[in-house]
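Chemist: From first to last, the protein sequence lines stand for chains A and B.
The opening residue of the first sequence carries number 11 in this note's numbering; numbering runs sequentially from there.
The opening residue of the second sequence carries number -6 in this note's numbering; numbering runs sequentially from there.
It is worth saying that the hints were derived from the structure and are not from the lab.
All values reported here derive from a predicted model rather than from experimental measurement.
Mixed in with the good hints, there may be bad ones.
What the hints assert, rightly or not - Listing some non-contacts, in silico: residues in chain B with all C-beta distances to chain A over 12 Å: (1) Asp31; (2) Tyr54; (3) Val128.
Stated by the list, open to error - Chain B is faced by these chain A residues, among others (derived, beta-carbon under 8 Å): (4) Trp95; (5) Ser96; (6) Gly97; (7) Phe253.
What the hints assert, rightly or not - In silico DSBU-like pairs for lysine-lysine, Cα to Cα no more than 30 Å straight-line: (8) B:Lys87 to A:Lys127; (9) A:Lys127 to A:Lys338; (10) A:Lys338 to A:Lys181; (11) A:Lys127 to A:Lys147; (12) A:Lys228 to B:Lys188; (13) A:Lys207 to A:Lys228.
Ideal Cβ positions, reconstructed from N, Cα and C, are used throughout, including at glycine.
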Amino acid sequence: MRYMLVRTIVRISRIAVLCGFVEPALAHHPVQAKFDDSRQLELEGQITAIDWSSPHAHIYINVPQDGGTPVNWAIELADPTELEWSGWQPDTLAPGATIRVSGYEARNGSHQIWAEKVLGPDNTEMFMVPDDLIQQKLANRPSGPTPRWPDGQPRLGPAPGQTGYWTAPGKNSLVEDGVNVAFDKHGMLENINDSSKVAPFQDWAHDLYALRQLNDGKDDPLFLYCIPPGGPRQFQVPYGVQFVEERNRDRIFVLMSGGNGNWRLVYTDGREDVTQVSGNDDNPLFYGRSSALWEGDSLVVNTTGFNEGFWFSNGGLPHTRLLELTEKFNRTDLNTLRYEVTVNDPGAYTRPWTSSWDLQWMPGEELPESYCQDNRQ
Amino acid sequence: MIKKHLNRSRLTTALGLMLLLTTIEPLQAQQRPGFLEDDRPAPRNEEGRVSLGPAPGGAGYWARRTGNLVVNPDSYEARATLNSPIHIDDVPLKDWARTLTNFRHDLYLASEPYTRCKPAGGPRQIMSPYGFEIVDMPDLDRVYIITTSNAMTWRVIFMDGREHPENLRPSYFGHSIGHWEGDTLVVDTVGFNEKSWFSRDGLPTTTALHLTERYSRPNFSTLIYDVTIDDPGAYDAPWDSGFVLGWNEGEELFEYVCQENNVSPDAMIGDGRISSIAP
Chain A
11 MRYMLVRTIV
21 RISRIAVLCG
31 FVEPALAHHP
41 VQAKFDDSRQ
51 LELEGQITAI
61 DWSSPHAHIY
71 INVPQDGGTP
81 VNWAIELADP
91 TELEWSGWQP
101 DTLAPGATIR
111 VSGYEARNGS
121 HQIWAEKVLG
131 PDNTEMFMVP
141 DDLIQQKLAN
151 RPSGPTPRWP
161 DGQPRLGPAP
171 GQTGYWTAPG
181 KNSLVEDGVN
191 VAFDKHGMLE
201 NINDSSKVAP
211 FQDWAHDLYA
221 LRQLNDGKDD
231 PLFLYCIPPG
241 GPRQFQVPYG
251 VQFVEERNRD
261 RIFVLMSGGN
271 GNWRLVYTDG
281 REDVTQVSGN
291 DDNPLFYGRS
301 SALWEGDSLV
311 VNTTGFNEGF
321 WFSNGGLPHT
331 RLLELTEKFN
341 RTDLNTLRYE
351 VTVNDPGAYT
361 RPWTSSWDLQ
371 WMPGEELPES
381 YCQDNRQ
Chain B
-6 MIKKHLNRSR
4 LTTALGLMLL
14 LTTIEPLQAQ
24 QRPGFLEDDR
34 PAPRNEEGRV
44 SLGPAPGGAG
54 YWARRTGNLV
64 VNPDSYEARA
74 TLNSPIHIDD
84 VPLKDWARTL
94 TNFRHDLYLA
104 SEPYTRCKPA
114 GGPRQIMSPY
124 GFEIVDMPDL
134 DRVYIITTSN
144 AMTWRVIFMD
154 GREHPENLRP
164 SYFGHSIGHW
174 EGDTLVVDTV
184 GFNEKSWFSR
194 DGLPTTTALH
204 LTERYSRPNF
214 STLIYDVTID
224 DPGAYDAPWD
234 SGFVLGWNEG
244 EELFEYVCQE
254 NNVSPDAMIG
264 DGRISSIAP
């Protein structure tokens, strides 16, 4: 998602320096709605405040003006989790320090800049989220067989006494298995002419999908209002998911990081979800109502009862209240969770279709605390 | 269908209680009208220790009744704050913290982060409307506290004897380590940020906040929450409070999305500045 953007900017800016021109680095991303990649800016000033919040940290600096009052600029950075993985700490910079920043100016002319590079007080480069951050963190993981419960059933969570979570989805958008089209990290098509290949859309659904794509995802409700990532999108969120398997109660909590830190409850004995106080009639949900059974080594989850107020995939594939998902979870070894989802939505698609990808086990780490609404006022 | 109606009527009663009980005496867990009190002993797990969850095969969650963290007659919600072990005048607030608390009340709590879908930790999580479950995962050496409201989030308590790490990033729920003292779950938490109010009355806290929470279950339907608040940034001395929660037998957490009708994207796509919220 957009948290990965900075890597792209940094990479492209290097190329730009070499080639002597600036690429449109913010293309295909909601941040483009806010920052103009054609307006490069450099600023120098004293830090007045640091807001270390999700999804984007901010540093505020006073930039001196000729013969006038300094102007306070907001410097927008990546998510604190990624910054910290890259070596930053909330106290790496402190108010009072003078820094230099280069990046892209806000479209609306406000005093904001999307940071491409930050130079600290001693002129060392402070800000760099590596291009292959997750891959670096996942390198050199121990491998092993699927951890199992005493009765042989696969564990979706850690082995006893250990910890970890699932991240790094192999796909950034829902796309029908077997279809070969290219997406960027945010689920945006590299070639908009591929839009009709992505899934067996009904005409209206295709047109809406294409429109959302042409708008660079600017109307994504997750981006705009921190609306939950229901459906398969919870397995596309930046910092992953964790399964809390309460076997004595035949239920699993799916805990999410990124998005807005929600949980989703899945029953594993096939019983119906009747938790809503106002009942299930005319009360569609963001995460739907999930009922599951184990079939061999696969957890098969059937979910219905969705509302239409969210995007169920990065990139904006539409769905309707008729949506029925069949998700299969299969932990094939210690480090791999195979996720396969069959979408049956006669309101938006001409036939049921299936998409699948792998998630990677991040061993030894806790799910990061990252709330979309953190720096919303 | 009968169950649904029962649930609805219990909720309605709960809301009615919150609005109407203006002169209630300090909490007596038993005989609270409108709630099914259950004097059976608390369920126990395989090791014989009290469980803070349902009996085997059952379901349920904890929900605050009328207790609050402090009594504050100056609150515009004064009635809602009557039921507490400590009066605001006895809370050792530093001057700035008392001024800020009063200021927040003068603004009718308009700058409340909770209504902006921020999660809130410590006692505020335990006060979440629609309640919470305490999910004990001894296999993983951790306990989760999972809420319906409070931004539909969750918090983890590490039970494996680890220490708090150094250089914590301040967070909404902080870093919690717990242990059992007999049948009481004792939780020690540090590493809070300053972005949420840890009570409904707008009491401030700082990153120096250190909470000690004690969860005990004297009978099947009662959870006693005691908390020691030690925050040398906002208070001159540690102080104690707590409240009693009731068990909602047979019910479970449900989906509750604060953001559903909360349209305020300005911070992300507007000017993105540190709050200047004002009425």
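Chemist: State for each hint whether it applies.
Modeler: Evaluated hints:
Under the 12 Å C-beta cut-off, the non-interface status given to Asp31 of chain B relative to chain A holds; the minimum distance is some 19 Å. Not every CB of chain A is more than 12 Å from the CB of Tyr54 of chain B (nearest about 10 Å), against its label as outside the interface. Taking the minimum C-beta to C-beta distance to chain A, about 6 Å, the non-interface status of Val128 of chain B is violated against the 12 Å cut. The closest approach between the C-beta of Trp95 of chain A and any C-beta of chain B is roughly 12 Å, which is over the 8 Å cut-off, so the hint fails.
This hint is violated: Ser96 of chain A has a C-beta 14 Å from the nearest C-beta of chain B, more than the 8 Å allowed. Using the Cβ-Cβ criterion of 8 Å, the hint placing Gly97 of chain A at the interface with chain B is not satisfied: the shortest such distance is roughly 13 Å. Interface hint status for Phe253 of chain A: violated, as the beta-carbon distance to the closest one in chain B is roughly 11 Å, over 8 Å. A threshold of 30 Å between alpha carbons decides the hint, and for Lys87 of chain B with Lys127 of chain A the separation of about 41 Å lies outside it, so the pair is violated.
For the suggested pair Lys127 of chain A and Lys338 of chain A, the alpha carbons sit about 42 Å apart, so the restraint of at most 30 Å is broken. Between Lys338 of chain A and Lys181 of chain A the alpha-carbon distance is near 16 Å, which keeps this suggested pair within the 30 Å criterion. Taking the CA atoms of Lys127 of chain A and Lys147 of chain A, the gap is about 22 Å. The hint holds against a cut of 30 Å. Between Lys228 of chain A and Lys188 of chain B the CA atoms are separated by roughly 27 Å; this keeps the pair inside 30 Å, and the hint holds.
Our distance criterion of 30 Å between C-alpha atoms is met by Lys207 of chain A and Lys228 of chain A, whose separation comes to about 22 Å.
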